[in-house]
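*Asks:* Sequence:
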Amino acid sequence: MTTQKTYSIGELAREFQITTRTIRFYEDQGLLHPQRRGQTRIYLPSDRVALKLILRGKRLGLSLAESRELIQLYIPAGDNRHQLQALLDKIAEKRAMLEQQLKDIQAMQQEMDEAEQRAREAMMQLENNNV
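If you're matching positions, the sequence shown starts at 1 in the UniProt record's numbering and goes up one per residue.
One should not assume that every hint holds.
[As the list claims (entries may be wrong)] Each computed DSSO-like pair below joins lysine-lysine, with the alpha-carbon atoms no more than 30 Å apart:
| hint | residue 1 | residue 2 |
| --- | --- | --- |
| 1 | K94 | K52 |
| 2 | K103 | K58 |
| 3 | K103 | K90 |
| 4 | K58 | K94 |
[Unchecked claim] Distance ranges between label pairs, derived from CB positions:
| hint | residue 1 | residue 2 | range |
| --- | --- | --- | --- |
| 5 | G38 | R95 | 23 to 33 Å |
| 6 | E111 | R21 | 36 to 46 Å |
| 7 | R95 | N129 | 44 to 54 Å |
| 8 | Q106 | N129 | 34 to 44 Å |
| 9 | L102 | G78 | 32 to 42 Å |
| 10 | S63 | M108 | 46 to 56 Å |
| 11 | A122 | F16 | 49 to 59 Å |
For the record, the hints were derived by calculation from the structure and aren't laboratory data. As the structure is a computational prediction, the values presented were derived from the model and not from experiment. Where a beta carbon is used, it is the ideal one built from N, C-alpha and C, also for glycine.
Work out the full structure, taking the sequences as your base and the hints as a guide.
*Replies:* Here is the structure:
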C-alpha cells in the first residue's frame, strides 16, 4: 500500500513563494480543498496542482473564475484535452485584449507626441515674440 504524498500549508507557501494567507484565501474561494487533521490542513497532490494552475493563471492575467473553470476541467488520469483547449482559448482571448490595449497605448502616445510638439512650437513662438 502506497501512501499519497501530502503537503502542509507552510510547505506549499515556501514552494510557490506565497503567503499562507494567500493559500487560505484560495481555500475560502473554493479552489483548494485540504483535508483536516484537527486544526492542521493537509493538502493533497491535487491541491498542489490546483495551486500551480491558479498561480500560472494569475501570471497569464486570468481571473479566479477563469482559473476555477480550468481547474474543474482537470482530470488527473485523463489526457486533459478539454482543459488544454480551454487554456488555449483563454490565452488567445487575453492576447487579443493585450494587442488592443497596446494599440490604444500607441495611439495615445502619438496624440501626446503631437500635443507636446504643438505646445513646444507655441512656447517657441512666445519666446520669439518677446525678443
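*Asks:* Does each hint fit the structure? Answer for all of them.
*Replies:* Taking the hints in turn, this is what the structure says about them:
As the CA atoms of K94 and K52 are separated by approximately 19 Å, the hinted pair is consistent with the 30 Å bound. Taking the CA atoms of K103 and K58, the gap is near 23 Å; set against the 30 Å cutoff, the hint holds. At most 30 Å may separate the alpha-carbon atoms for a hinted pair to count; K103 and K90 meet this at roughly 20 Å. The hinted pair formed by K58 and K94 meets the criterion: a straight-line CA distance of about 12 Å does not exceed 30 Å.
For the pair G38 and R95, the supplied restraint of 23 to 33 Å is violated, since their beta-carbon distance comes to about 46 Å. The beta-carbon spacing between E111 and R21, approximately 42 Å, falls within the hinted interval of 36 to 46 Å. In this structure the supplied range 44 to 54 Å holds for R95 paired with N129, their Cβ-Cβ distance being about 51 Å. A hinted range of 34 to 44 Å for the beta carbons of Q106 and N129 is consistent with their spacing of about 35 Å.
Taken as a hint, the range 32 to 42 Å holds for the pair L102 and G78, whose Cβ atoms sit roughly 36 Å apart. Evaluation of the 46 to 56 Å hint for S63 and M108 yields a failure: the beta carbon distance comes to about 25 Å. Hint check: A122 to F16, Cβ distance near 54 Å, so the stated range 49 to 59 Å holds.
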